[in-house]
Each structure stands twice: as C-alpha cells, then as structure tokens.
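**Q** In order, the protein sequence lines correspond to chains A and B.
Quick note: the first sequence, position 340, residue 340 per the working numbering, numbers continuous.
If you count the second sequence from 1, you need to add 1000 to reach the working numbering.
Honestly, the hints are just simulated from the structure, not real lab data.
Virtual Cβ for every residue (Gly too), placed ideally from N, Cα, C.
Mixed in with the good hints, there may be bad ones.
Below, in silico cross-link-like pairs of lysine-lysine (DSS-like), each with a Cα-Cα straight-line distance of 30 Å or less [claimed, not checked]: (1) 1085/B x 1040/B; (2) 1066/B x 1090/B; (3) 1023/B x 190/A; (4) 1090/B x 1005/B; (5) 1017/B x 1002/B; (6) 254/A x 1017/B; (7) 190/A x 1090/B; (8) 1023/B x 1040/B; (9) 190/A x 1018/B; (10) 1066/B x 1040/B; (11) 1068/B x 1098/B; (12) 254/A x 1018/B; (13) 1005/B x 190/A; (14) 1034/B x 184/A; (15) 184/A x 1085/B.
From the structure, some residues in chain B lie toward chain A, with a derived Cβ separation under 7 Å [to be verified]: (16) 1011; (17) 1014; (18) 1044; (19) 1053.
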Amino acid sequence: MALDTGATAWILAATALVMIMTPGVGFFYGGLVRRKNLISMITLSFVAFALVSIQWVLAGYSLAFGPDIGGFIGGLQYLGLNNVGMDPGPYSTAIPGLLYMVFQLVFATVTMAIVTSGFAERIKFSAYLVFALLWTTIVYDPLAHWVWGGGWAAQFGAIDFAGGTVVHISSGFAALALALVIGKRVGFGKYAMEPNNIPLTILGAALLWFGWFGFNAGSALGANGLAAQAFVNTNIAAAAGAMAWMLISWLHGKPSSLGFVSGAIAGLVAITPGCGYVTPMGALIIGIIGGAVCYGMLLFRIRNGLDESLDAWAIHGMGGLWGALATGIFAVVAVNGASGLIEGNVHQFVANAVGAFAALIYAFVVTYVLAVIIDKTIGLRVTEEEEYVGLDISQHGERC
Amino acid sequence: MKMVKAIIKPERFEFVKKALEDKGFVSMTTTEVKGRGEQKGITLEYRGGLMTVDFLPKLQIEIVVKDKDLDSLLSTLIESARTGKIGDGKIFVLPVEKSIRIRTGETEG
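Whenever a hint applies, use it, and build me the whole structure from the sequences.
**A** As structure tokens, this is what we get:
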C-alpha cells in the first residue's frame, strides 16, 4: 500500500513532540531534588535519551518488534536496523518502517527517564549507565513486545492505546523495586528535603503535557479522527487530574502548584492506555479518579516511610494501573471497536487486568533482581560523603 | 548583650530551631553561607585521583541575647547542632553595644 503523506507528516511531528518529554521528565524531577543534585537529575534523563536511542537502533527495536518468538520477545531480524527501511510496514501501512521505529524509540527513552525517580540523589553514575542499558533491554523491550509487537498480551486481547502498561506501569514499579534495593537517602524522614526549584518542575510538567499530545494522538498512527479523539481525551484527563489533585489536597493545606502539576501528570498517565478507546466524558472521569488515586498513593508512600523519592510509583505505577483497568471499564465500541465493562464486556476488563498485573509483576521482579546483581557487583550507590556533597559535584564535577 | 554567630550544618537547622524555641529563643537571622575549616572541605577518592570539594554549604544563625541568657543559648546550640562528625561547625560570641527596635525607637544596651 502506498505511503500516506498526511500520516507520515503527523507522526514525524509527533515523534519530535514525544522527544521533549525525556528532558521534560528531567526538569520535572530536577526541580524536586535538593540543589546539590539538580544537574545530576536532569542529566540522568537526558543521558537516558541518548543511551536508549543507541540501544534501540542496535538491538532494542528488534527485541521489541522483530518477528514474534513464543509471545515473549521479538526476533533478531531488525538488529542494527536491518530490514527497517523507508517503505511502509510491517506495523503500519501508512508510514515508513523507519518512522515507526523512531516513534517507538522516543517511548523507550522516556520510560527510562521516569525510572530515575527510584534512586534520585544517591545513584552512582557509572552504575546507572550499566543499569539503564540492561533495564531497557530485559524489562522494557519484552514488555513492548508483549503489548505492541504481537506478543501474548496483544493476542490475549489486552488493549493499551499509547503505552500505559509498557511505559507507566513498568517504570513506576521498577522505580519502587530500585528504591527498595538502594535504600533511603541519608537523612530521609529525619529532616526536610525541600524542592530546590518549583518553577522548573512546573516547566517540566508543561513540556510533558505538550509532548503527551504526540505520545497519545501520535499512537493513532494516522492523521485522522482517532488521533483527534486521543488528543482531546488527553487534554481533558490532564485538566481533570490537575484540578482533582489540587482540590483534594486543599483539604490538607494550601492548593499547591506542585499538587496541581502532579495531578496533571496523574491524569495524563491514567488516560494513556484508554485515550483512543473512550469518550471525552469517560476521559473526564478517568482523569478525576486518576488525580485522586495518585494523590492517595503518594500519601500512602510517605506514611510508610518509603523513599521512592519522586513518586514515579505513586503517579506512573499506580496511575498506569488505574488507567489500564479504566480502559477495560470505559472503552466504547463506537470510538475504536472495543467495548468495556460499561457496555457489558467483562472479558475486556479481565484481559486488561491480566495484562497490567503481568507487566507489573514482571517489571518489579526483574528490576529487583537486576538491581541486586548490580549492587553486589559494581555497587548502585555513591559513598556517604559523595551523597553529602551532592551528585553534581561528586559525579559530574559541576555546580549550578 | 552578646551576639552569637553559629555556623552549622544546614540539615541540622530543623533540630536547632526547635531546640532554641523550646528554650524561648525565638528571634534570629539566618544566612546561607559556604565555608571550610581545618580539613579544607571533603576529599573524595576516585580510582586514579582525588577530588576536593573545599567549600561546603553551611547555615549561619545570628542571635542577640542578654548576658545572663548566653550560657543557656550556647549549650542549646551545641547540643542541637552536634552530630559528632567533622564539619559540625563553629560558634562565635561577639559583644553588642546597642540594639534599637526600628518601629518604636526603643533602645537597649
């Protein structure tokens, strides 16, 4: 089939939109840490972009999207972008194979960036490089294959429009596993660790919201009505999540800007798997509940003294889980051919729940084991003195 | 009257502030400063080299008290700021000639 120039133009632009999300996560996280770790935090995200970019073209794309092997992983036919060219196919008849590959690349990079929450302000940079390379290869690539590459989750009928399971559940629960292995920051729970630059975090959130239009509407893989539907749903859920979190947190104190932007991210995460399956009113409900659920999870984490430092677990992990279940509830056949619980289809809900929990367990367990192995061999954590002076100086020799 | 200048570890400030409040020392001025002592900061060891971070962030607290309250203030500061590790900081005591409340012109000393 002939290449669709409209679709190709849109997906090229959408890919660039999603690219800004990876440094965007860095700015979002960077504002939340102490000043001595600001450069480190942004660098972890930006380095994830470059490192995963290279991994993806060498092997990652093939492992995720190569011909299916047992429903678990892709074959090696696309190593080094062999057989990936300017002609359309095999995943879309409208856009070049290379464009599909690079659109998927920017998803892999932002996922890695989200994970960096779990070891914020205490990760040894050299260990991070090794971890990131292995994590994206043995956790992200198989998960992407399960859902998008023709693996078992897709065959089982789980629907995930733009990557709630692959991107958000996986990164959120990976961050939780990492936080458990690496341990709390020195002084956590003993003295205040206040954000050094809230405006920077707000800027990061703005870039994420902006980039998310490419992430979700681009996942329609066409310049069409479905892309518009996903675009509109994305915006509604982000707005609803932001307002919901801010209003609920107001009961506990002031309506903070951090609560507002955290809620926006929670809404965006929650709508990601369902943005191309639900109606705008469904998106509104998903966003509101997403904001409320993630705020509750953040309080739960703090009450339990868990130092999953920047709440990737609360927002991406639990928000992603809610989104996967919500898609199985609110999917409407008129939007994209899939119906959920509200149209009486129990199977869709079950399929999505199974897909989500399988990804959750896989990501948590494999990340935990990987983190322990790296910790026992090269060591995940900096020394106490390096942590005290900050990672900017001790890991990068820079100060801001 | 005396002015007490305490240069402490920033992460101890919450404890110090609470301890001072408990003893009735509420008024104070704080400044974020950078400094070093005899150790000249911290030296980090790497494979193939050393790296010195010579100026570390500290918090400076300035409090003016009547002479009779000085000992209580000093012991509170020492107890609350102390971790026992290098870099806990220093306390200086200076004489104060006069103190004036700007709003009322009220003068002491």
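**Q** Do the alpha carbons of residue 190/A and residue 1090/B lie within 30 Å of each other, as the hint requires?
**A** Measuring from Cα to Cα gives roughly 22 Å; hence the hint holds.
**Q** Decide if the proposed pair is consistent with the structure: residue 1068/B and residue 1098/B, CA atoms, cutoff 30 Å inclusive.
**A** holds, 16 Å
**Q** Is the hinted pair residue 254/A and residue 1017/B satisfied, with a Cα-Cα distance of at most 30 Å?
**A** holds, 24 Å
**Q** Between the alpha carbons of residue 1066/B and residue 1090/B, is the straight-line distance 30 Å or under?
**A** Between residue 1066/B and residue 1090/B the Cα gap is close to 20 Å, so the pair holds against 30 Å.
**Q** Holds or violated: is the Cβ of residue 1011/B closer than 7 Å to a Cβ in chain A?
**A** This hint holds: residue 1011/B lies near chain A, its Cβ roughly 5 Å from the closest one there, short of 7 Å.
**Q** Sort out whether residue 190/A lies within 30 Å of residue 1005/B, counting only the CA atoms.
**A** Given pair residue 1005/B, residue 190/A holds - Cα atoms ~25 Å apart, limit 30 Å.
**Q** Would you mind confirming whether the straight-line C-alpha gap from residue 190/A to residue 1018/B stays at or under 30 Å?
**A** holds, 13 Å
**Q** Sort out whether residue 184/A lies within 30 Å of residue 1034/B, counting only the CA atoms.
**A** Measuring from Cα to Cα gives roughly 26 Å; hence the hint holds.
**Q** Taking the least C-beta to C-beta distance, is residue 1014/B closer than 7 Å to chain A?
**A** holds, 5 Å
**Q** Taking only the CA atoms, is the gap from residue 1017/B to residue 1002/B under or equal to 30 Å?
**A** Satisfied, since the Cα-Cα distance of roughly 19 Å is no more than 30 Å.
**Q** Between residue 1023/B and residue 190/A, does the CA-CA distance stay at or below 30 Å?
**A** holds, 21 Å
**Q** Can the hint on residue 1053/B be confirmed by a CB-to-CB distance to chain A that is less than 7 Å?
**A** holds, 5 Å
Of the numbered hints stated above, those contradicted by the structure are hints 8, 10, listed in ascending order.
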